[in-house]
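K.L.:
Sequence:
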Amino acid sequence: LKERGIYTCVDMTTYRRLKPGDGVKYAELLGDTGNNYEDVKTNLTFLFGDIDFNLTGWSKKITLGLGEETQYTSLEMRTVVDENGKNTGSYLSVRDTTEEQNELRREMHKSTHDDLTDFYTKEYLYEHIEKRLKNDNKTDYMIGYLEIANYKLIKDIFGSSFSDLTIKAIADFIQEGTNPKSIYGRLSDDSFGILIDKEDFMSKPVDEKISNFVVRDNNVEHHILIHYGIYDLTADEEIDVPSFFNSAHLA
85 LKERGIYTCV DMTTYRRLKP GDGVKYAELL GDTGNNYEDV KTNLTFLFGD IDFNLTGWSK
145 KITLGLGEET QYTSLEMRTV VDENGKNTGS YLSVRDTTEE QNELRREMHK STHDDLTDFY
205 TKEYLYEHIE KRLKNDNKTD YMIGYLEIAN YKLIKDIFGS SFSDLTIKAI ADFIQEGTNP
265 KSIYGRLSDD SFGILIDKED FMSKPVDEKI SNFVVRDNNV EHHILIHYGI YDLTADEEID
325 VPSFFNSAHL A
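Following our numbering, the numbering of the sequence shown begins with 85 at its first residue and continues without gaps.
Please note that a few of the clues may not be correct.
What the hints assert, rightly or not - In silico BS3-like pairs for lysine-lysine, Cα to Cα no more than 30 Å straight-line: (1) Lys252 - Lys282; (2) Lys222 - Lys288; (3) Lys206 - Lys194; (4) Lys218 - Lys194; (5) Lys145 - Lys170; (6) Lys252 - Lys239; (7) Lys194 - Lys265; (8) Lys194 - Lys236; (9) Lys282 - Lys293; (10) Lys288 - Lys252; (11) Lys206 - Lys252.
Unchecked claim - Per label pair, the in silico range of CB-to-CB distance: (12) Thr172 - Met192: 39 to 45 Å; (13) Ser245 - Thr126: 55 to 61 Å; (14) Lys144 - Asp301: 49 to 55 Å; (15) Glu160 - Glu283: 52 to 58 Å; (16) Ser245 - Trp142: 50 to 56 Å; (17) Ile314 - Asp136: 58 to 64 Å.
FYI, nobody ran anything at the bench for these hints, they're computed from the structure. C-beta: ideal position from N, C-alpha, C; glycine also.
Could you put together the complete structure from these sequences and hints?
P.N.:
This is how it looks when you write it as structure tokens:
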């Protein structure tokens, strides 16, 4: 505690430095004794960059690291008042929000991706395709609609486990057969949608693979009946993604 009445409040027992894996304990963050204010300021500045210890009422969000090692922190400098409302000092709150951010990211991913295939959901696929078509007028694109025509029969006869395996097999087929410019998603239980780079599609005939598509699981083997339609986009038509897929479905 200094004359200005500044406290440091940390709500975790460990914190990581900039280098992933190097832990810094609570006692280290506060200095050797926990009462050395200058050490506290030095350690906080080392971890989080420039901090204004003389100004109150501010907040700051910090991101450290990359990928799975990313760590999120919330800093807030708050004023302390007594029962008469008189300013008696201030304190810095340092809060680790990594798990909150990770949970938020997981929830966002779950809302935009199919649980079984991790493909885009229908709405998210439409959004991405519309954005791509608006921003890329140099690539010739096609819309592909793929439907498992006997999906209900497969599920009724072989059960959910085999029908899920079939969906995953179709998803793998789509991923392996498209280039990075393609965008794909799951439109419904038994159908998929794809924005296809026309040049790439023309160089990879898929008719034979689709006609002979078989899924195997131990002793169970079944031919999958696939309906596949293509709608060739033109440069001058208005962007209407649902309409494009309806056209591909009818092709």
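K.L.:
Hints first: check each against the structure and report whether it holds.
P.N.:
Here is what the structure says about each hint:
{"no.": "1", "hint": "Lys252 - Lys282", "verdict": "holds (24 Å)"}
{"no.": "2", "hint": "Lys222 - Lys288", "verdict": "holds (21 Å)"}
{"no.": "3", "hint": "Lys206 - Lys194", "verdict": "holds (13 Å)"}
{"no.": "4", "hint": "Lys218 - Lys194", "verdict": "holds (26 Å)"}
{"no.": "5", "hint": "Lys145 - Lys170", "verdict": "holds (28 Å)"}
{"no.": "6", "hint": "Lys252 - Lys239", "verdict": "holds (14 Å)"}
{"no.": "7", "hint": "Lys194 - Lys265", "verdict": "holds (23 Å)"}
{"no.": "8", "hint": "Lys194 - Lys236", "verdict": "holds (25 Å)"}
{"no.": "9", "hint": "Lys282 - Lys293", "verdict": "holds (18 Å)"}
{"no.": "10", "hint": "Lys288 - Lys252", "verdict": "holds (21 Å)"}
{"no.": "11", "hint": "Lys206 - Lys252", "verdict": "holds (17 Å)"}
{"no.": "12", "hint": "Thr172 - Met192: 39 to 45 Å", "verdict": "holds (41 Å)"}
{"no.": "13", "hint": "Ser245 - Thr126: 55 to 61 Å", "verdict": "holds (58 Å)"}
{"no.": "14", "hint": "Lys144 - Asp301: 49 to 55 Å", "verdict": "holds (53 Å)"}
{"no.": "15", "hint": "Glu160 - Glu283: 52 to 58 Å", "verdict": "holds (53 Å)"}
{"no.": "16", "hint": "Ser245 - Trp142: 50 to 56 Å", "verdict": "holds (55 Å)"}
{"no.": "17", "hint": "Ile314 - Asp136: 58 to 64 Å", "verdict": "holds (60 Å)"}
Taken one by one, the earlier hints all hold for this structure without exception.
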